[in-house]
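So the protein lines, in turn, are chains A and B.
Counting from 1, one number per residue, gives the positions in the first sequence under the working numbering.
Counting from 1, one number per residue, gives the positions in the second sequence under the working numbering.
Chain copies aren't distinguished; within one or between two, either way the pair holds.
Taking lysine-lysine pairs in the DSS-like style, the calculated list, with each CA pair at most 25 Å apart, reads:
hint, residue 1, residue 2
1, 152, 247
2, 247, 224
3, 49, 198
4, 86, 193
Quick caveat, the hints were computed from the structure, so don't treat them as lab data.
There are 2 protein chains.
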Amino acid sequence: MNILLVNDDGIQAPGIRELYLAVKDLGDITIVAPDGERSAIGHGITLDKPMPVRTVTVSEHKTGLAVDGTPADCVKLALSEICPVKPDLVISGINLGSNTGLNVIYSGTVSGAAEAAFNHIPSFAVSLTTYNAPNWSPARRITRTLVEKFIKHPLSGRQVLNVNVPNVKEDSLIRGVLATEQGMAQWKENFDKRIDPKGRTYYWMDGRKLEMEEPETKDDTAVKNNYISITPLQFDLTAYNRLDEIKNWI
Amino acid sequence: MNILLVNDDGIQAPGIRELYLAVKDLGDITIVAPDGERSAIGHGITLDKPMPVRTVTVSEHKTGLAVDGTPADCVKLALSEICPVKPDLVISGINLGSNTGLNVIYSGTVSGAAEAAFNHIPSFAVSLTTYNAPNWSPARRITRTLVEKFIKHPLSGRQVLNVNVPNVKEDSLIRGVLATEQGMAQWKENFDKRIDPKGRTYYWMDGRKLEMEEPETKDDTAVKNNYISITPLQFDLTAYNRLDEIKNWI
Chain A
1 MNILLVNDDG IQAPGIRELY LAVKDLGDIT IVAPDGERSA IGHGITLDKP MPVRTVTVSE
61 HKTGLAVDGT PADCVKLALS EICPVKPDLV ISGINLGSNT GLNVIYSGTV SGAAEAAFNH
121 IPSFAVSLTT YNAPNWSPAR RITRTLVEKF IKHPLSGRQV LNVNVPNVKE DSLIRGVLAT
181 EQGMAQWKEN FDKRIDPKGR TYYWMDGRKL EMEEPETKDD TAVKNNYISI TPLQFDLTAY
241 NRLDEIKNWI
Chain B
1 MNILLVNDDG IQAPGIRELY LAVKDLGDIT IVAPDGERSA IGHGITLDKP MPVRTVTVSE
61 HKTGLAVDGT PADCVKLALS EICPVKPDLV ISGINLGSNT GLNVIYSGTV SGAAEAAFNH
121 IPSFAVSLTT YNAPNWSPAR RITRTLVEKF IKHPLSGRQV LNVNVPNVKE DSLIRGVLAT
181 EQGMAQWKEN FDKRIDPKGR TYYWMDGRKL EMEEPETKDD TAVKNNYISI TPLQFDLTAY
241 NRLDEIKNWI
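Bound conformation, chain A alone (with noise of 0.2 Å):
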């Protein structure tokens, strides 16, 4: 089995060597990520300036390609260019911070994978929710696990699958895996308005995730819950339910 690992946090990011770890006697390995963290950065892509690339190590013996890029960039790069085949999976992640609600929306991590079903290869994005003291051990296992049941029995079609990992202090507190529906997790942003040494203005963005009422069914709710959250995605916007009431309006 060829398998393609991208990341949104950089190629340099632990989640990314951990992810390999997690995988690599499963099959042959080619590891293209960005250069740097491009966290948030969405369904971002690279059509206005070059993008150098480099050679760096991820793990002992093993090296990966440095893109300045977006991960849909890297994607898109690694199957034009890089993979010696079309890989018949690719794994996103370890991202530190959990994507669920909303958020999957500006997860660079969920776009890597998603490039790799636009190209119709099977994908999986994983995020980890936490930002520090992250126990890798369960999300690894999980990763490892899906790529088993991939090699047994592939999913059919274009598929994405959105893997949410909670950070525990002991693997027993994982309470198994769920199959969930993306929810409406969302942040609220904060504003910080400064002005700069010439007395021009800028802004800082920040926010916190606001608590929601959801179901143990929908993503962000199953992690909250010490469950791993598999959530299967797909890319048609199209809002069905609408269509009729477009159609009598205009």
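Fit chain B to the given chain A structure using the hints.
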């Protein structure tokens, strides 16, 4: 009516001025847009650096706020800090180049409209299917018509309409307006591999649109056939028809 305008071609691009001229007498207009081109930025947001802003002239007697950020940043900033009251409507565009099929996922223009919908404000994105010799008149007319319809009969719930307008030499060549579904129109990338003066490798990405056979009920075909295409979009990406398969598989 309070209307917020945004785009992804940058606040100095002609399309946002045309958009302003189309609707300026229909409400109180606020303009907040990127300070330069942010095409193909997807739904990226700016978390890792500050966003300088400055006031610029968009049209005679009308200024707007130029933001060193993405379309989604602009809408977030406008709603949080700039708009005197919550807008009744957000319009993103007028973009040069179509946003149809899978390319909707990469579109900064659509992301500006989507960000509004995430904040429970109805919105639409307008794109004109050309990069040169634009005939703005049909795009201006449909924009104005849609705003007038919003005033008379607001649509229910969160709404994002993705409007694509064919570029025609004579306005009479427009055959009508169709409510469409997002198709699978896609670009095929090409990577040009080059070596910089210091011997390092870099790539330039370009691409061409793949011609696809799709019915006129799909966005791209409708526009190719000289219809104005209006696609209602939503942002729950859950592949509901896959959930049972995933439940059995994991």
